[in-house]
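All chains, please: the whole structure from these sequences, using the hints.
There are 2 protein chains.
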Amino acid sequence: MELWFSEKHTENAKFSIRVKEQVYSEQSPFQKIDVFETEEYGKVLVIDGIVMLTERDEFIYHDMIVHVAMATNPEIKKVLVIGAGDGGTVRELTRYSTIEKIDMVEIDEVVVKASREFLPFTACKLDDPRVNLYFEDGIKFVEGKENLYDLVIVDSTDPIGPGEGLFTTEFYRNCYKALTEKGILVNQNESPYYAHNAREMKRAHRKIKSIFPISKVYQYHIPTYPTGHWLFGFASKGLDPIKDLNTDKWNSLGLKTKYYNTDIHVGAFALPTYVRDMLEEDTN
Amino acid sequence: MELWFSEKHTENAKFSIRVKEQVYSEQSPFQKIDVFETEEYGKVLVIDGIVMLTERDEFIYHDMIVHVAMATNPEIKKVLVIGAGDGGTVRELTRYSTIEKIDMVEIDEVVVKASREFLPFTACKLDDPRVNLYFEDGIKFVEGKENLYDLVIVDSTDPIGPGEGLFTTEFYRNCYKALTEKGILVNQNESPYYAHNAREMKRAHRKIKSIFPISKVYQYHIPTYPTGHWLFGFASKGLDPIKDLNTDKWNSLGLKTKYYNTDIHVGAFALPTYVRDMLEEDTN
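From first to last, the protein sequence lines are chains A and B.
Each residue of the first sequence is one higher than the one before, counting from 1 in the numbering used here.
Each residue of the second sequence is one higher than the one before, counting from 1 in the numbering used here.
Derived from the structure by calculation, the hints contain no laboratory data.
The reader is advised that the hints may include incorrect statements.
[Said to hold, decoys possible] Here are the computed lysine-lysine pairs in the DSSO-like style, where the Cα-Cα straight-line distance is at most 27 Å:
#1 B:Lys14 <-> A:Lys20
#2 B:Lys258 <-> A:Lys207
#3 B:Lys8 <-> A:Lys14
#4 B:Lys14 <-> A:Lys8
#5 A:Lys8 <-> B:Lys20
#6 A:Lys14 <-> B:Lys32
#7 B:Lys243 <-> A:Lys249
#8 B:Lys258 <-> A:Lys209
#9 B:Lys243 <-> A:Lys243
#10 B:Lys249 <-> A:Lys243
#11 B:Lys125 <-> B:Lys113
#12 A:Lys32 <-> B:Lys14
#13 A:Lys258 <-> B:Lys14
[Unchecked claim] Chain A side only, calculated, beta carbon under 8 Å to chain B, not exhaustive:
#14 Asn12
#15 Lys14
#16 Phe15
#17 Ser16
#18 Arg18
#19 Pro223
#20 Thr257
#21 Lys258
#22 Tyr259
#23 Tyr260
#24 Asn261
#25 Val266
#26 Leu271
#27 Tyr274
[Said to hold, decoys possible] Covered stretches of chain B, going by a simulated chain A footprint (3 or more residues, C-beta under 8 Å):
#28 9 to 23
#29 34 to 41
#30 247 to 261
#31 266 to 272
Computed from a prediction, not measured in an experiment: that's the story for all the values here.
Glycine is no exception: its CB is placed at the ideal position from the N, C-alpha and C atoms.
Structural data, given as structure tokens:
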């Protein structure tokens with residue numbers, strides 16, 4: 001049998017993964033959630049037809065969304081994670097014994113249920129005693145919060161469907177307020193190549209830059225996202241991800257990571273010229 | 001009409017580009033050569049079913065195969081290019097007025113003919129007076145050459161078919177001999193993610209490392225190659241791509257590049273931990 005899952009990256013380009021079996025499919029109140037078992041990528045989580053993560057390459061995404069901030073400020077104690085229902089971001093955070101509290105706000109409880117059952121490799125630390133799960137709208141959750149978190153991670157889908165409000169100026173402004181003095185915001189910042197992704201990349205960066213004194217963008221290579229070239233935003237009230245990187249401190253922790261290291265931490269902020277130019281554009 | 005070109009990146013993953021028209025198809029004595037006109041990527045050159053380059057993202061490959069070496073040693077005057085029948089590598093080299101001579105050795109004249117006709121955006125500088133075209137086997141061409149080139153670029157296909165001999169120890173040893181005292185070798189060094197590419201990545205690096213005192217690997221993001229994460233090797237008789245990088249000198253040239261800049265030059269050598277580990281393995 002030939003069974004293939006295909007994702008159209010644009011109308012004119014698509015990526016396909018051979019499927020052994022569709023192990024889960026559910027329409028939640030928010031979105032369609034599917035899990036496939038595949039030869040090439042192990043388990044694959046698909047939401048509304050778009051690959052969210054695969055068992056084989058999720059380490060790249062989760063290393064880069066967590067460790068860059070943690071190596072910049074090893075004093076981070078209180079973390080807010082928005083989205084990330086698969087649990088991978090929380091898994092990486094729980095590796096730091098210095099973190100005291102992780103509030104995770106996921107709008108769709110069905111994603112967490114599916115992940116606990118089918119994606120134990122990411123969901124495995126959701127029961128850590130420091131983790132508080134809130135099945136709420138992250139946009140509302142941050143409203144009115146002040147000076148509470150050392151790190152806010154916006155682990156969102158693309159800005160369509162439930163993820164849309166996580167790309168607004170008001171939301172980023174509330175994140176700013178929710179952060180402590182040394183606070184850091186890390187956000188899923190889309191991709192520079194295909195036009196629709198590049199547009200959202202520019203818009204998110206422009207908004208965040210208008211609020212945070214420090215706002216940079218860093219890249220990672222992930223095989224199963226369109227073009228393989230994706231970005232996270234790093235914004236803060238003062239800490240610089242390169243000048244304040246505490247290389248010795250992070251390396252002394254002895255954390256074993258498959259993608260992240262303190263060299264690629266620095267290297268990831270060196271962007272191609274065409275990406276740098278797009279991020280510097282003032283246009284909408 | 002729906003017409004799609006598909007490339008199997010592995011038996012279980014494939015990438016497809018919608019085709020407007022197949023504008024060229026020929027079986028040369030060495031390989032099958034096709035050119036497609038596409039909406040997403042403009043003209044696409046395919047050899048034996050594998051994407052070699054596209055009009056839209058070839059700038060990434062050609063920036064990175066040329067400018068890293070040129071910024072490390074701005075004194076490069078004599079260059080040997082092996083493969084690269086599309087002309088893109090030569091195009092970037094001819095931008096340096098300081099280069100006096102470019103020998104380009106392409107085994108398959110049909111690739112050059114097709115590129116001149118359908119890919120003028122890469123083939124446009126093949127008639128530069130400094131360029132000498134040899135339609136010969138690059139492996140034989142370097143045999144017996146001594147102390148002749150400041151830079152050798154191995155712009156090869158994967159190590160199957162005509163490209164296979166360009167991945168042997170003997171060939172790399174002949175490149176070493178063909179280089180001058182400050183000589184640099186840049187080679188297409190495959191990709192770390194899929195097993196068959198990773199195997200060739202490790203083998204090429206191990207062989208080159210056994211011959212050259214300095215041997216490093218650097219990465220670039222290219223949408224139309226499998227996983228988007230590909231590598232070049234940088235080897236030399238003494239020059240270090242980071243310590244000897246002449247940032248001011250290169251920037252003073254005023255070359256406009258869409259991907260390369262002297263920041264990403266340095267950043268590209270910062271590899272993910274799993275890639276670094278694979279390259280350090282001693283196994284075959």
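* **Pair hint Lys243 (chain B) and Lys243 (chain A), alpha-carbon separation not exceeding 27 Å** => Within the cut-off at roughly 20 Å; holds.
* **Restraint outcome when Arg18 (chain A) is required to lie within 8 Å of chain B by C-beta distance** => For Arg18 (chain A), the interface hint holds, since the closest Cβ of chain B sits about 4 Å away, which is under 8 Å.
* Satisfaction of hint between Lys209 (chain A) and Lys258 (chain B), Cα-Cα up to 27 Å -> holds (23 Å)
* Asked: Hint check: is the beta carbon of Phe15 (chain A) less than 8 Å from a beta carbon of chain B?
  -> holds (6 Å)
* Given Pro223 (chain A) as an interface hint, is the shortest Cβ-Cβ distance to chain B below 8 Å? -> holds (4 Å)
* To do: Decide if the proposed pair is consistent with the structure: Lys14 (chain A) and Lys32 (chain B), CA atoms, cutoff 27 Å inclusive.
  => holds (24 Å)
* Against chain B, is Thr257 (chain A) within 8 Å by beta-carbon distance? -> holds (6 Å)
* Pairwise hint evaluation, Lys14 (chain B) against Lys32 (chain A), where the allowed Cα distance is 27 Å at most -> holds (24 Å)
* Asked: Lys249 (chain B) and Lys243 (chain A): Cα distance at most 27 Å?
  -> Holds, at about 25 Å.
* To do: Please work out if Lys258 (chain B) and Lys207 (chain A) have their alpha carbons no farther apart than 27 Å.
  => With a Cα-Cα distance of about 25 Å, the restraint between Lys258 (chain B) and Lys207 (chain A) holds, given a limit of 27 Å.
* Interface hint compliance - Lys258 (chain A) to chain B, C-beta minimum distance less than 8 Å -> Constraint on Lys258 (chain A) satisfied, holds at 5 Å.
* To do: Starting from Lys14 (chain B), check that the Cα of Lys8 (chain A) is at most 27 Å away, please.
  => Holds, at roughly 12 Å.
Checked against the numbered hints above, the structure violates none of them.
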